[in-house]
Structure formats: C-alpha cells, structure tokens
Amino acid sequence: MTARTVYLDHAATTPMVPAAIEAMTREFAEVGNASSLHASGRRARRVVEESRETIAEAVGCRPGEVVFTSGGTESDNLALKGIFWSRRSADPRRTRILTTGVEHHAVLDSLHWLEEREGAQVEQLPVDRTGRLQVDALRDAIGRDPDSVALVSVMWANNEVGTLQPVSEVVEVAHAHGVPVHTDAVQAVGAVPVDFAASGADALSLTGHKLGGPVGAGALVCRRELEVTALVHGGGQERDIRSGTSATPAIAGFAAAVELAVKQQPEYAVRVGALRQRLVDGVLRAVPDAVLNGAALEPVGAHRLPGNAHLSFPGCEGDSLLMLLDARGIECSTGSACSAGVPQASHVLIAMGHDEATARSSLRFSLGHSSTEGDVDALLEAIGPCVERARAAGVAAR
Amino acid sequence: MRVVAAMSGGVDSAVAAARAKDAGHDVTGVHLALSRNPASYRSGARGCCTIEDANDARRAADVIGIPFYVWDLSDRFHEDVVEDFMDEYAAGRTPNPCLRCNERIKFAAVLDRALALGFDAVATGHYATLREGDDGLVELHRAVDGAKDQSYVLGVLDQGQLRHSLFPLGDTPKPQVRAEAAERGLLVADKPDSHDICFVADGDNAGWLREKLGDRAPNSGGAILDEAGVELGRHDGTYAFTIGQRKGLRLGRPAPDGRPRFVLDIEPVSGTVTVGPREHLAVDGLTGIRPRWCGSVPDVLEGTVQLRAHGEEHRARVAVVGDAVDIELLDPAYGIAPGQAAVIYDGSRVVGSATISATRRVQAA
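Protein chains in written order, with the numbering used here: chain A, 1 to 398; chain B, 1 to 365.
Rather than coming from a laboratory, the hints here were simulated on the basis of the structure.
In this text, all values refer to a predicted model and were calculated from it rather than measured experimentally.
We put the CB at the ideal spot given by N, CA and C, even for glycine.
Among these hints, one or two may not hold up.
Stretch-level coverage of chain B by chain A, calculated; a stretch enters the list once three of its residues show a Cβ under 8 Å from a Cβ in chain A [to be verified]:
hint, segment
1, 64-71
2, 239-253
Residues of chain A clear of chain B, computed beta-carbon distances all greater than 12 Å [what the hints assert, rightly or not]:
hint, residue
3, His38
4, Glu53
5, Gln277
6, Asp326
7, Gly384
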C-alpha cells in the first residue's frame, strides 16, 4: 500500500479547514429550526444570518443578496433558469442566452435543458487559445438584437484550465443594453480577489467545499432588484427564491471557510502560485515535450487561478497516466467529465481549439491550501517514468 | 503478479477478481466501457455496458478492496466487433461477436494495454481452466461445470494470450460461485446472468440489424422459396435469417407433409431464402478459415468440434490444409451457418478454432 496520499486535485474538492469543522461541529450539537419562533429557533436563525453577513462581507455584497443553496450546481441552475424565466415573462422576446463553450456542466447542461424544453436559444461564444472569452464576439452577439437577450452567463474562473474571464468587461457590454450577467465563481472565491459589487455582476455562484468548507452548502449571490423565479418551492426560507430548512451547521461551516479563505487569499495566491511554478517547471524538465495549456502563469492570479496547472502529455492517454500516478498515491484529474460512464474528451480543451487527442492526453493538477513542496516533489519524481509507461500503453492501444 | 481483473458488473467477474486477490496477486479492477453511447445500446441489468453495470462493478471492487477504473474501449469495440457483426450478417453469415470480442478486445486491446502499463495478466470470469502441459505450453481446458463451460468463446486465444490470462472460476460450479459471492458480501450475488449479445437490446437481432444496417443492408426483401423454387412467402431482408432457423419464417402455408421447415440457404445478393425439412440441413463436412491455435498446430487430429456456444460436441477428424482447416464430421450436424466458429477439442483441451466458411451437406442417399 502507498505510504501517503499526494492530493493534487483541490479543484475537485479541498480539505475542510479546522475553523469550518469547528463551526459545523458546534452547530451539530444544537437544536433549532431557523424558521421557528422560540429561543432555539431564534438561536439557529442568528447563526444563519451571521453567516450570511460574514459571506456578504467577504465577497462584497449586501447580506440580503446572499441566497443559501446546496452548492454550486444548484446556484447555477437557480440563476440560469430563474433569471431566464423572469426575464422572458417580463418580455417574451427575451429568449437568447449568451455564454461560452468552456462553462462548467452545471451551466452548460442547464442551458441545454432550457434550449430543449423552454425554447431558449443558447449561443456559445468563442474563446481564445487560452480559454478566455472573446469580448468582441459578445459585443456583436448582443448588439445584433439586444432586446432578445435574456441573460449572459460567463464563469469567473475555469475549473479545468483555470483561465480567468474578463467579467467586468462582460458586465460593461451587457449592461450597456440592460442585460443581466450571471457568473459562476465557484473556483474563484478564495483563490483570486472576488468583489461582487465591484464586478457589477447581477448574480454569482459560489460553494463551500472548494474553499475549505463542507460539501452541500453554497450560495447564489443576486442583486435585490433582480427577479429570480424559484425552482424549489416550500417554506420560502431564502427570500422565497429558495425553500428548504436552513442547513444551519453546513451554513456555519461554509461561512467560516469563506471568511478564512478570503482573508488569506493574498498569501494563498503567492504561496500556491510559487508551488505551481515549481510544479510546471519540474514537469516540463522531466517531460520536455509536455505542453502547458491555458493562460500565462504570471503574474500570479492575473490570468489564471494560482493553483491550476493543466498539461498535455503527447502520446499518452490521460486515463492511463492518472491510473499510474494513482498507484503511487498521487491524485489528479483528467479534467474530463465522466459522461454516462464513458470518459469524454474535455469540452473545454476542444472549445480552446485543441484536438481530441490533445484533450485526451491531458491532466489537471490543482494545488490548494494544504499543498506542500513535498507534494510537488513527489509528483516530479513520478511523472517521468509514468509518462514513459503510459506512452507505451498508448502505442499498444492503437 | 500484477493483475487487471476485467469486471463487467456481473457476479462471475466479481468473484474472479476476489479470487485473484486471495491468490496473492496485486489486483486492479477495470470495467470496460464498450458502448459509445450507452443509451443507444442495451439498457437494463442484463447487458455489459450500462451505467448500472459500471456501478455494480465499482461496488464489487470496493467490497473486494481493490482499485477500480473504467477503460474506454468503445471505439475499438465498435470497429472490431460491432462493425464486423453487421458486415457478417449483411453478407449472409452468422457471426459470434463474443469470440471476436475475446480475440480483439479483452485479450488483445485490454491485455496489450495492461502489459504496457506494467501488469502481468488479465483475469476474467469465464468458466474455463488453464493447465501447464507436458511441453511447457499453457493449455486451455473446459470448465468443471459443463453447463457453464465457456471454453468455446475462448477458442480464439493463442499461446501468447493464454500465458497472460487467468480464469479463476474454471474449477467451480456456478451455484457455488453465487454462494461465494453472497459470502463475500458482493451485492451482485443474485444478479441475473447475462444472455445473448451485449449490444443488442432485448436479444432482438433482426430488429437491431434493421435499424443499424440501414443502407448497408444487402437487400430489403426477397422471396422465401422451397427447394423446388416455389415461392412460399416474402421477407424484409436476409440479415434477419440464419441457417437452421425455424421460428419467425411467417410462411402462410404449412408444408404438404405438415413437417416444420427450416432455413437451408441464404443468398444475400438476390435476397433469396430457401427453406426445407430438417434432414436437408445435415452437414458432414466443414471448411474453416482464419484458424487460431491455442498451442502447437496439429497436422491431423481425431477429436471433437463444437459449433456454437453451449452446443453439443461432434466427433470429427480435423486436417490443416494450408491456411484453412478441413473438418470431417463423423456424425452429421444440423443448422450450421457460415460465420460461426468451429472450436476444436482434444478431450477437454481446446486445440484451436476456425471460422466456418463453407459446409458440405450430406448427400441424400
């Protein structure tokens, strides 16, 4: 068995920080439904509202703009469907949704559903070779017929290659025509500076487990003026936009993690950015024909997430490489979604103009708050032999 | 040894993986994703390529305590097995895709990849046994459980493949394997056996071929004739028929003598299907092409041949003639179609196999 686990998959999920575990554990021992009127209920409600205020403070919004959800996927669904429905019912001409081809499946699949079932017309705007939206294409697409656009959805940072999107420019272009903007910031909060008010965005998705909080708690930050049609009906706990008994322990853990991650973000970026540089340099030294995908590494946090390294290993199947590294206790991701049990080539890489072979030969290494130099060095020691072996298997498979 | 256990999600391959681990091997479970689009192939619990099957395999690997991955071989499977299956039917032959899959996928693509990745062998849940012969070669033998024996579908494996294969179930009757699965806490213990062809939903070959062949079908209809050339009915495409078939002929008129009629011949170019009485199906000789030998190549062999999965053994005299094999059947066989595999046995040992290219009908006395 392996001596230790080298976890290089923080973009999938990252360990909980002690502050979040403590906040959650404390609440597990308490009773009280945040909607109840008695003392226990009021106590729970206070925890939920203080958490809301903590998160609002951290991401630059008003507390009333934080709608708690079960996580990023629900937040994306709520934003896209909820905004589309309310915008279209206000004006039936608004059926177009503009987005990019590199969004997370929580966005793309929601939009696909709206297209299939609700008559939406979804336009995936082109990205450049680094995965960054071409803002001119957005300008043209809106300008062609502004009154028909229901909303624009562009992620803050990409989950596979880490590319940061020009959210402020997107907002500027969309707002010039009165079109609201949603951004999926699940990967961004805690990794790069995220200020909801300053960005001008109308709705923003975030989640707990990507930044040291628990799985199962997230939020949609949305401006008070923005009409969002509810998806989940019931007690109306979250501004009537989202129902369900408030998950007090998870919310408390989520808030503690957001607070800490945002507070430590500047040091995090420097430390993790340096580790990422060491990782990329070392891999390229060990495997000279490996190719770094995505945006420039420097300045750290300017073009891509500090912890993201995405590399192609020509001649290798990413699956084989992942398995060989896993056997040595080194955990990473092929970055591809496992659709219907069969691994698919990454839609992100394809949208960036790579061919399927490149997409299939790629691995994502993502560093996080608990990453160490030892983790990186373990990878650097293993990557050369593993690539060599995976290449042999790649040849055998043809 | 480092072993890849191919895990379909069924009970047999799960127990095989567990036994390989118990034997002291370093085992990694691998589920083969063979369908490009799982929804378009078979769904439900009987197939080998649904998401539920992958999940069942994953849970079995958890219980056994081995790592688990899904390997995508859908492109290879489509090219080497599914396309071949369609081509063969279009040409009026009756292929066995399971042999093809073993020859090209499980003990070729998977084995090659496994060896390249540093593994030593592939283990499967096939019911067959391996022994070392006096000459040092690995011999493939029938399983102890005659009813479950799957040596027929492994008759395409050569020595190089057999050397890197493990069949941990060959010494055990199936009911015992189920009982063992239950004892081991494997949830697939009572999962039904898979049958038929994994990529054909509901076992409806003709319906599947009609949909998939489309323009590639050699004909979209033709006459069903008796041996005198009298038209007895029409059909929607010769690919829906196999030699020896009795059901589904939908002939309005019964034979004058009231006896059942069988497909005797299929002519894909003209689209003609000829039917007649069972005794006219009798075959006493076969020509086999593309022979595959498990070990050394015999010149002449007095042994037995099996002509379909779970079919009976026929006493036979087998001679290798150039690239082909001539098989003389000492007792006649019925309903033998070109495309089927003839697997040659010497006692319980599998000698090799060949694809039937022609049959010799018994001449009426």
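Hints, verified against the model:
1. Counting residues of the segment 64-71 of chain B whose beta carbon lies closer than 8 Å to any beta carbon of chain A gives 4, which reaches the threshold of three, so the coverage claim holds.
2. Restraint check on the segment 239-253 of chain B versus chain A: 0 residues with Cβ-Cβ distances below 8 Å, three needed, restraint violated.
3. The claim that His38/A is not at the interface with chain B holds, since no C-beta of that chain comes within 12 Å of its own (minimum 44 Å).
4. Distance check on Glu53/A: its Cβ is at least 42 Å (rounded) from any Cβ of chain B, clearing the 12 Å threshold; non-interface status holds.
5. Chain B leaves Gln277/A outside its interface by the beta-carbon criterion, the shortest separation being 30 Å against a cut-off of 12 Å.
6. Distance to chain B contradicts Asp326/A as a non-interface residue, since its nearest Cβ pair spans about 7 Å, not more than 12 Å.
7. For Gly384/A, the condition that its CB be more than 12 Å from all CB atoms of chain B holds, with the nearest at approximately 15 Å.
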